[in-house]
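Keeping their order, the protein sequence lines are chains A and B. Number 20 in the working numbering belongs to position 20 of the first sequence; there are no gaps in the numbering. Number 102 in the working numbering belongs to position 102 of the second sequence; there are no gaps in the numbering.
Bear in mind the hints are in silico, worked out from the structure with no lab data behind them. Take the hints with a grain of salt, since some may be wrong.
[Stated by the list, open to error] Derived CB-CB ranges, DEER-like:
#1 37/B to 166/A: 45 to 51 Å
#2 192/B to 170/A: 24 to 30 Å
#3 56/B to 50/A: 40 to 46 Å
[To be verified] From chain A, some residues computed to sit far from chain B (all C-beta separations above 10 Å):
#4 84
#5 110
#6 125
#7 127
#8 142
#9 148
All residues carry an ideal CB built from backbone N, CA and C; glycine is no exception.
For reference, the chains in residue letters:
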Amino acid sequence: MTDAPSAPNSRTPAPPQGDPDDAIMSSMPVAQGGTPKIAVRDLHKAFGAKQVLRGVDLDVADGESVVVIGGSGTGKSVLLKCILGILTPDRGSIKIDGVEVVGMRHRDREAIAAKFGMLFQGGALFDSLPVWENVAFGLIQAKRMPRRQAREAAIENLAAVGLGPEVADLSPAELSGGMQKRVSLARAIATRPEIIFFDEPTTGLDPIMSDVINDLIVACVHELGATALSITHDMASARKIAHRIAMLHQGRIVWAGPVADIDASGNPYVDQFIHGRAEGPIQMQVRRD
Amino acid sequence: MNVVAQIGSVFLAFLEAAGRLSLFALNAVSHIVRPPWYPRLILRQLVDIGYYSLPVVALTTLFSGMVLALQSYTGFARFSAESAVANVVVLSMTRELAPVLAGLMVAGRIGASMAAEIGTMRVTEQIDALTTLSTNPMKYLVAPRILAGITMLPVLVFVGDIIGVLGGYLVSVYKLGFNPDNYVRQTLEFVEFNDVFSGLVKAAAFGFIVTLMGCYHGYNSRGGAQGVGVATTNAVVSAAILILVTNYIITELFFAR
């Protein structure tokens with residue numbers, strides 16, 4: 001993997017004592033160099049009266065691994081789903097390899113989606129299909145690979161995440177949480193995607209299994225030479241898999257920078273989050289609006 | 001809020017829901033006629049809806065035919081018109097009872113199961129996963145189910161027609177003492193193509209309704225297990241109501257003078 005380009009405003013100055021939005025607005029994480037693999041500009045998304053994304057700007061360079069951190073309900077998953085095309089943003093731009101995808105026709109969108117792999121928070125394995133068919137799903141449906149060949153490819157991908165061929169014919173319900181995550185990772189990498197998204201990859205796992213999954217993510221992304229965009233609130237995971245970290249708060253990126261800089265960010269939102277303090281500028285939302 | 005505003009608000013909400021359902025239905029139908037198709041999934045749904053619903057439809061229509069013969073005999077005996085039992089049974093079964101009862105039974109069995117399955121897929125992000133795997137969920141999940149519903153309900157109803165008439169025959173011949181040959185002859189002479197055909201058209205419409213409602217409510221379910229439960233209930237209730245309304249409309253179209 002290439003070294004992460006640094007963001008021009010990677011160190012956000014300490015916010016003024018007044019309106020916290022001033023601090024939020026002052027940060028814009030932008031990768032330098034050529035055309036970013038993913039370029040998000042001024043992204044807005046609301047659900048009814050609830051404004052979730054309020055102008056997100058984010059670049060992810062080719063081969064870079066960016067992790068978006070933030071508390072629950074800050075819009076991390078919504079951001080990911082907008083990029084994936086699962087949700088349609090209200091306003092703003094998303095470019096993949098320089099191609100605008102917001103408002104794109106469904107057929108063209110499918111071609112873009114062929115570049116993606118995704119590991120869902122809960123695994124999202126199809127419980128009506130055996131493990132091997134889950135892993136080979138993209139190969140069979142999107143790439144029209146013959147089933148026999150797809151099964152062999154699935155077993156190879158299972159091996160890549162440390163699972164033996166004996167799990168191939170099991171149902172996802174027969175697997176532990178950690179094994180389901182591995183199968184989901186195998187499915188995410190099976191089509192050799194250019195961009196892989198990870199949604200809370202370690203949620204619900206014990207610390208050891210979390211580390212195993214983190215190692216697998218790093219290894220798989222490295223082997224594929226893929227670009228990775230992850231969301232998590234697990235700082236150990238973020239430190240391990242990221243080149244660059246961006247923090248999302250109240251629908252905006254409030255800080256972005258290389259992973260090595262996060263402990264000295266000087267940003268009160270980041271400091272409160274990474275140290276897990278109840279006191280600070282972030283007021284936790286206790287219920288969904 | 002005054003009463004007029006409340007009524008207006010309910011009416012607008014109804015229009016919005018109707019519009020959303022119509023768009024969903026149009027989208028689903030467009031995916032039925034456009035490739036790619038998924039033959040394995042279509043076959044699985046055909047078997048699930050057709051083969052596995054057969055026992056419940058057969059039992060329902062068998063006993064309905066038997067009860068119909070018994071009741072109509074009791075009623076017609078009051079004015080010496082017992083000979084009309086065969087006519088009443090075949091007409092009622094083919095035109096009304098077989099399609100409506102099969103539709104309602106399949107709504108309970110298949111509509112609920114579809115809403116629960118697709119609803120669970122929605123809340124566990126499996127539908128989102130389909131999208132990320134370059135697979136259109138409408139084409140993969142909804143179109144095969146609706147196609148199978150439209151295809152298999154007429155088959156079930158045709159079988160239900162035969163079994164219902166058989167039920168009437170069994171009661172009429174073995175309990176009420178009708179002549180078997182006369183009963184069969186009377187049934188065959190009285191039934192017309194339009195009687196059976198109208199029932200099969202109704203069945204296709206009911207198959208569409210049941211699968212559409214199951215898919216629609218499952219696809220739009222929200223909020224975890226409770227949301228899936230609500231979707232399942234809504235799928236069955238809305239399908240049952242629409243079946244009864246559609247039954248009247250199709251009857252009007254076929255038989256109104």
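Taking the Cβ atom of residue 37/B and the Cβ atom of residue 166/A, is their distance within the range 45 to 51 Å? Violated, at about 34 Å.
Next item on the list: Find the nearest Cβ of chain B to the Cβ of residue 148/A and say whether that gap is larger than 10 Å.
Entry: holds, 15 Å
Could you let me know if the closest chain B CB is still more than 10 Å away from the CB of residue 127/A? The claim is violated: residue 127/A sits with its nearest Cβ about 8 Å from chain B, within 10 Å.
Does residue 125/A really sit off the interface, with its C-beta more than 10 Å from all C-beta atoms of chain B?
Check fails; 8 Å does not lie beyond 10 Å.
In terms of Cβ atoms, is chain B entirely out of 10 Å range of residue 84/A?
violated, 6 Å
Worksheet item: Is the Cβ of residue 142/A farther than 10 Å from every Cβ of chain B?
Response: violated, 4 Å
inquiry  = Range first: 40 to 46 Å. Now tell me if the beta carbons of residue 56/B and residue 50/A are that far apart.
reply    = holds, 44 Å
query: Are all C-beta atoms of chain B more than 10 Å from that of residue 110/A?
result: violated, 5 Å
Worksheet item: For the pair residue 192/B and residue 170/A, does the Cβ-Cβ distance stay inside 24 to 30 Å?
Response: violated, 56 Å
Hint violations for this structure: numbers 1, 2, 4, 5, 6, 7, 8, all remaining hints satisfied.
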